[in-house]
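**Q** Chain by chain, the residues run as shown.
Protein chains: 2
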Amino acid sequence: MHNDLIVIDGLQYSNWNRTIFEQLRQGGVTMVHVTIVYHEQIRETLLRISEWNRHFEMNSDLIMPVKSADDIRLAKQLGKVGIMFGAQNCSAIEDDIGMVEVMRELNLMIMQLTYNNQSLLASGCYEAVDSGVTRFGRQVIKEMNRVGMVVDMSHSAERSTLEAIEISERPIVISHANPSSFHAAKRNKSDTVLKALGESGGLLGFSLYPFHLKNGPDCSLNEFCDMVANTADLMGIDHIGIGTDLCQEQPVSILEWMRNGRWSKDMDYGEGSKSDADWPRSLSWFKDSRDFPNITKGLQTRGFSDNEVAKIMGLNWLNFLDDALQPKL
Amino acid sequence: MHNDLIVIDGLQYSNWNRTIFEQLRQGGVTMVHVTIVYHEQIRETLLRISEWNRHFEMNSDLIMPVKSADDIRLAKQLGKVGIMFGAQNCSAIEDDIGMVEVMRELNLMIMQLTYNNQSLLASGCYEAVDSGVTRFGRQVIKEMNRVGMVVDMSHSAERSTLEAIEISERPIVISHANPSSFHAAKRNKSDTVLKALGESGGLLGFSLYPFHLKNGPDCSLNEFCDMVANTADLMGIDHIGIGTDLCQEQPVSILEWMRNGRWSKDMDYGEGSKSDADWPRSLSWFKDSRDFPNITKGLQTRGFSDNEVAKIMGLNWLNFLDDALQPKL
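If you read the protein sequences in the order shown, they are chains B and F. Each residue of the first sequence is one higher than the one before, counting from 0 in numbering that gives the first Met the number 0. Each residue of the second sequence is one higher than the one before, counting from 0 in numbering that gives the first Met the number 0.
In short, the hints are calculated from the structure, not lab data. All residues carry an ideal CB built from backbone N, CA and C; glycine is no exception. Some clues are possibly wrong.
[Stated by the list, open to error] Footprint (simulated), chain B over chain F, 3 or more residues, beta carbon under 8 angstroms:
1. 100-112
2. 188-195
[As the list claims (entries may be wrong)] Calculated cross-link-like contacts (lysine-lysine; reagent style DSS-like; alpha-carbon spacing at most 25 angstroms):
3. 296/F / 213/F
4. 185/F / 66/F
5. 327/B / 141/B
6. 66/B / 327/F
7. 327/F / 75/B
8. 185/F / 296/F
9. 327/B / 75/F
10. 66/F / 327/B
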């Protein structure tokens, strides 16, 4: 069954190279949302985009840029992996509302309003106080709605997330996180948030990052699929997908950049700790993109119908993006 | 006849507002190449683009962005004025070959390699020594050819221009200048350059900026049309068009920015002088875009056939852009 599916991964951040692109294709991935920036500001974001342009030029037999939801279908048809750009923080627009449209023209399709910390737009999930969506944040959400850029609240705090769902005129996503009820990590989401997300037409991508899973790297495929089933009951089968948070071949320095950006002189360990500062060990059943068929199989074994598996593995993301990426200019 | 024409202006740099857009439409202009930047570097260029996005949003009944040559035909069909972005210097790519494609993705369709001075790419027409196209310049021309960004040598020196014509695998333009044989200004072009330009499939846009005309602001329409006729004989009727260099409602401070950028503490007067430092007086028969029909009429009176007039007023530009804007990715 797996090879016929449209498979969409709602987030990866790897140290991209041809081998990783080949693994994506081998794993039957139709489209992957790739993080191109965290704390990079505008000029640095353009650098990252130009590096991707070079990837597209050198690997045009394997990958293609996603400039609309139709490009995902085109990628499937051509047997290529579609690449959709996203930002995990809002540094890429600096303090300038006009940069939302400029970045969208450069195919930045999805942006987190915060990355763990307070941003100019909202509060991150690690802040002591969650003050909700800011004045600038309201304007940016409106502009993202207009140009067809998806609001992502994966690393945001509870109140900020609920407010973003409320303020946004278009459904939003949590591209990579799991329910707190499954594993009580700061990055995971309460049932309140997940219910509101589902009811508003939004989408949750299940994370396979060990820090977001019960028993960490030892979480079993069965436990993962149980979580999917429980969340389907909570949110509805149409509002869940995959967002692996897979980070391949990245040195610890990149993990430190993600966690510390330029904001701290003290080392912040994010979801890790001083004694556990490195990347987590991989799951045995999901080491890299070649293991996507394991998830498909796991969901089938757990009792999901073929139709439901297809939705979770990619169709829900595709349906969501079909509308969400359309500009309303 | 004028209203049926596709009218293309190969360069304007005005202090854009709704009145000026209305004048363009009243003058029957189908598409205008607008200068969005001179010495602005990347971040500032994005600011200019976001200001244009706002113009498009606020004046969508009058203007539309040109993202391909077909958009020029669409503008004609919709009765709107197409806006094509261009840069008069190469500051918008800084020192980064990757920014050529990034800027092209933002619809920067045409770029001068130099503006009067030596640039990282070539020599400007005001330099004492013209050292030709630089090493970086060769790489940038190749990349502009690949992504479909037009090379413009209007403000470049002779040798640099001849080398650019030779190096570029696609025809280039001189979007706004006149023959030196008509008026010996530093900015105007030798017959050698114009012949090489025509033979390579390139295009010259005739300037209506008084400093580029015999008798300056007192140049008559007849004299202008004589120049057009003589240049048609030199270059061929398919290789000439209009590039008015019209600058409306710009303060002297903008003229000073064009001439001095950030490179000089001494005031440079460009084509003017200390005693003639301001914008030149307008031509009586071309004050703003509403006067385009005067040019059409002048060319008809001078004896050009309707077919030839159509080519000069826009069809040559359109044919040129039909190929030149196609990426060869």
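**Q** Please go over all the hints and tell whether each is borne out by the structure.
**A** Structure-based check of all given hints:
| no. | hint | verdict |
| --- | --- | --- |
| 1 | 100-112 | holds (count 5) |
| 2 | 188-195 | violated (count 0) |
| 3 | 296/F / 213/F | holds, 20 angstroms |
| 4 | 185/F / 66/F | violated, 33 angstroms |
| 5 | 327/B / 141/B | holds, 11 angstroms |
| 6 | 66/B / 327/F | holds, 18 angstroms |
| 7 | 327/F / 75/B | holds, 23 angstroms |
| 8 | 185/F / 296/F | violated, 29 angstroms |
| 9 | 327/B / 75/F | holds, 23 angstroms |
| 10 | 66/F / 327/B | holds, 18 angstroms |
Hint compliance for this structure: hints 2, 4, 8 are broken, all remaining hints hold.
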